[in-house]
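Could you slot chain B onto chain A? The hints should help.
Number of protein chains: 2
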Amino acid sequence: VTYCVGLLMDAGLVLLSDTRTNAGVDQVSTFRKMAVFDRPGERVLVLLSSGNLAVTQSLVGVLRERCVDAGPNLWTVRDMFEAARHVGDVLREIHARDAPALAKFNIEFVVSFLLGGQIRGEAPRLFQVYAAGNFIEASPDTPYLQIGESKYGKPILDRVFTWQSSLEDATKCALVSMDSTLRSNLSVGMPLDLLCYARGSLRVERRLSIDADNPYFNTLRRQWGEHLRQGFREIPALDMEHCVGRGTEGQ
Amino acid sequence: VTYCVGLLMDAGLVLLSDTRTNAGVDQVSTFRKMAVFDRPGERVLVLLSSGNLAVTQSLVGVLRERCVDAGPNLWTVRDMFEAARHVGDVLREIHARDAPALAKFNIEFVVSFLLGGQIRGEAPRLFQVYAAGNFIEASPDTPYLQIGESKYGKPILDRVFTWQSSLEDATKCALVSMDSTLRSNLSVGMPLDLLCYARGSLRVERRLSIDADNPYFNTLRRQWGEHLRQGFREIPALDMEHCVGRGTEGQ
Chain A
1 VTYCVGLLMD
11 AGLVLLSDTR
21 TNAGVDQVST
31 FRKMAVFDRP
41 GERVLVLLSS
51 GNLAVTQSLV
61 GVLRERCVDA
71 GPNLWTVRDM
81 FEAARHVGDV
91 LREIHARDAP
101 ALAKFNIEFV
111 VSFLLGGQIR
121 GEAPRLFQVY
131 AAGNFIEASP
141 DTPYLQIGES
151 KYGKPILDRV
161 FTWQSSLEDA
171 TKCALVSMDS
181 TLRSNLSVGM
191 PLDLLCYARG
201 SLRVERRLSI
211 DADNPYFNTL
221 RRQWGEHLRQ
231 GFREIPALDM
241 EHCVGRGTEG
251 Q
Chain B
1 VTYCVGLLMD
11 AGLVLLSDTR
21 TNAGVDQVST
31 FRKMAVFDRP
41 GERVLVLLSS
51 GNLAVTQSLV
61 GVLRERCVDA
71 GPNLWTVRDM
81 FEAARHVGDV
91 LREIHARDAP
101 ALAKFNIEFV
111 VSFLLGGQIR
121 GEAPRLFQVY
131 AAGNFIEASP
141 DTPYLQIGES
151 KYGKPILDRV
161 FTWQSSLEDA
171 TKCALVSMDS
181 TLRSNLSVGM
191 PLDLLCYARG
201 SLRVERRLSI
211 DADNPYFNTL
221 RRQWGEHLRQ
231 GFREIPALDM
241 EHCVGRGTEG
251 Q
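Line by line, the protein sequences give chains A and B. Taking my numbering, the leading residue of the first sequence gets 1, the next gets one more, and so forth. Taking my numbering, the leading residue of the second sequence gets 1, the next gets one more, and so forth.
It should be emphasised that the hints constitute simulated quantities derived from the structure, not laboratory data. In this text, all values refer to a predicted model and were calculated from it rather than measured experimentally. Where a beta carbon is used, it is the ideal one built from N, C-alpha and C, also for glycine. Treat the hints loosely; a few may be bogus.
So the derived list for chain A, only partly shown, Cβ under 7 Å to chain B, looks like this [as the list claims (entries may be wrong)]: (1) Lys151; (2) Tyr152; (3) Lys154; (4) Asp158; (5) Arg159; (6) Val160; (7) Gln164; (8) Glu168; (9) Arg183; (10) Arg206; (11) His227; (12) Arg229; (13) Phe232; (14) Ile235; (15) Ala237; (16) Leu238.
In isolation and in its complexed conformation, chain A is listed as follows (with noise of 0.2 Å):
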C-alpha cells in the first residue's frame, strides 16, 4: 500500500508521500513515488503514485519520454488543467497497452495519482487523477486530496487544515497525518519525500527526503504522541454511577 496527501493553500502546496512497496508482504521495497517536472521561473509539476508499481512507473517513464517528442508534454502544456488531461491520456494509452495482458492473469488495472504544481500565468493547483484517466481538482472547500492508504491520517486533516494554512502548518499537518497512517499500517513506509512549494516561486526550492533517522521527523512524532496522550490524560472520565443498567432486554 501507499499513503500520498497532497494540500492546497493560499500560500501553496505540500506533497507528501511515503516509499514502501509490497507485493504480498514477503516482498516489500522501496521506490520513489514522487515524480518532479520543474522548469525554474517556468513551471513545476509534481506526480504521486498509488497502486500498481509497473503501471506506476510506466506512466512516469511515458510522461518523461514525451518531454523529448514533438507531441503534447508536460513542458508544453499550457496549464494545470491540461496537463491533468495529459496525464490521463498517457494512462489511457497504458491501459490500453498493458491492461489486456494484466487481466490474463487476474491482474486489476488499480492506480491513482495526485498532480500538484504551477504554471506561470495561474495559480497553484491539484488533480487526483484516476485508474480510467478523469480526474478531480482539489478547492478551498476541499483542499486535500489523498491517495492509498487514506483513512488513518484523514481526521487530523479534517480538524486542523484549511485553505487559509501556511505553508509550515500545512507540512506539520502533512507529517502528522503521515504518522498516524505509519502506526496504524505497516505496508506504509520510510522514507517519506516531501515537497514544499511557495506560490507564485514556480522552483522547487524545498525537496526533503525524510529517513527513519530524520531529527525533526522524530521529534515531531514523539511530541504529538505525548500531546495526544496527555490530551487524553486531561480529559474527564465518564461518571459511570450515572449509567444506569437497563437490565435484561434479552430475555
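Coordinates of chain B only, in the frame set by chain A:
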C-alpha cells in the same frame, strides 16, 4: 456503514456502537446494533452487528428464538467460546436460507459481529465473528477488535489502549475513537450505545445511550478537538531553509 468497537482488558470489557444504517445516501435510518443477553449473576453476552441489516436482525432474531427452544442457545452454552461457535452456526443457517435469494439480486452476504461478555467460571472474552461463521478472539496482545468503518478510529486505540487500561480509560478511548470516526464519515451516526462491563460483576450495571445532546460526550468532543489543535500548534515547524531544492530531476 457502522462503527463498532470492543475493548477487552484485565478490568473488563467496553463495547460501543453507533446506530446509523443506510441503503444509499437517501435512505438513512437509526437502528440499534447492540443486543444484550444477560442473566444477572450468571452470564452477560453482548452482540454488536455490522453489515446488511436484514441479515444482522435475522441473526439476533434467531438467537432469541433459540433461547426459548430446547436446543443449544445463548443461555445454555458453557463458555464464551461455545457462544461464539453458536453465533457462527446460526449465522451459517441464515446464510444457507437467505444467501441464494440475495445473490439473485446481486446482494452480497456482508456482515460481521463482535461478541463480548462473561459466563460464570471464566474471565471476560471478546470475539469477532465473520460472515462465514468463523471467528477470532481478542487477547492481551491484541486487546481490541473493530467492525465496520474501523480505520479513522484506530490510531487512538493503538496509542493509548492496553490490556492494563482501566474501565474508565477504555471508555474514554472508545468514545474518542468514535468521535474521530463520526467526524470523518457521515454514514456513522448518533446515538451511540455504550456498555461498560466490570470483570466478575456478571450483570449489566453501566449501559448508556448517548444522543447528540449528551453533555459528557459533547464536552469530550470539544476538549479533544481543542487538545489536538493546541498540541498541533505546539509542535515546532520544520525549518524549511534546511531543505535544499534538489532541482531538475524531471528534465
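Tell me if Tyr152/A is really an interface residue toward chain B, meaning its C-beta lies closer than 7 Å to one of theirs.
holds, 5 Å
Hint validation: Gln164/A versus chain B, beta carbon distance must be below 7 Å. Holds or violated?
Because about 14 Å separates Gln164/A from the closest Cβ in chain B, which is outside the 7 Å limit, the hint is violated.
Does the closest beta carbon of chain B sit nearer than 7 Å to the beta carbon of Lys151/A?
holds, 3 Å
Take the shortest C-beta to C-beta distance between Asp158/A and chain B; is it under 7 Å?
Where the cut-off is 7 Å and the nearest Cβ of chain B is about 6 Å from Asp158/A, the hint holds.
Tell me if Arg183/A is really an interface residue toward chain B, meaning its C-beta lies closer than 7 Å to one of theirs.
holds, 6 Å
Should the hint that His227/A touches chain B count as held when the rule is a Cβ pair under 7 Å?
Holds - the Cβ of His227/A comes within 7 Å of chain B, reaching about 3 Å at its closest.
Status of the hint placing Glu168/A at chain B (closest C-beta pair under 7 Å):
Since chain B brings a Cβ to about 4 Å from Glu168/A, closer than 7 Å, the hint holds.
Hint validation: Arg159/A versus chain B, beta carbon distance must be below 7 Å. Holds or violated?
holds, 6 Å
Supplied contact hint for Lys154/A, tested at 7 Å Cβ to chain B:
Lys154/A check passes; min Cβ-Cβ to chain B is 5 Å, inside 7 Å.
Does the interface hint hold: is Arg206/A within less than 7 Å of chain B, judged Cβ to Cβ?
Since chain B brings a Cβ to about 4 Å from Arg206/A, closer than 7 Å, the hint holds.
Hint Phe232/A vs chain B: min CB-CB distance below 7 Å?
It holds, given that the least Cβ distance between Phe232/A and chain B is near 5 Å, below 7 Å.
A closest beta-carbon separation below 7 Å is what the hint needs, so does Leu238/A meet it against chain B?
With a closest approach of 5 Å, the Leu238/A hint holds.
The structure fails to meet hint 7 from the earlier list, while all remaining hints are met.
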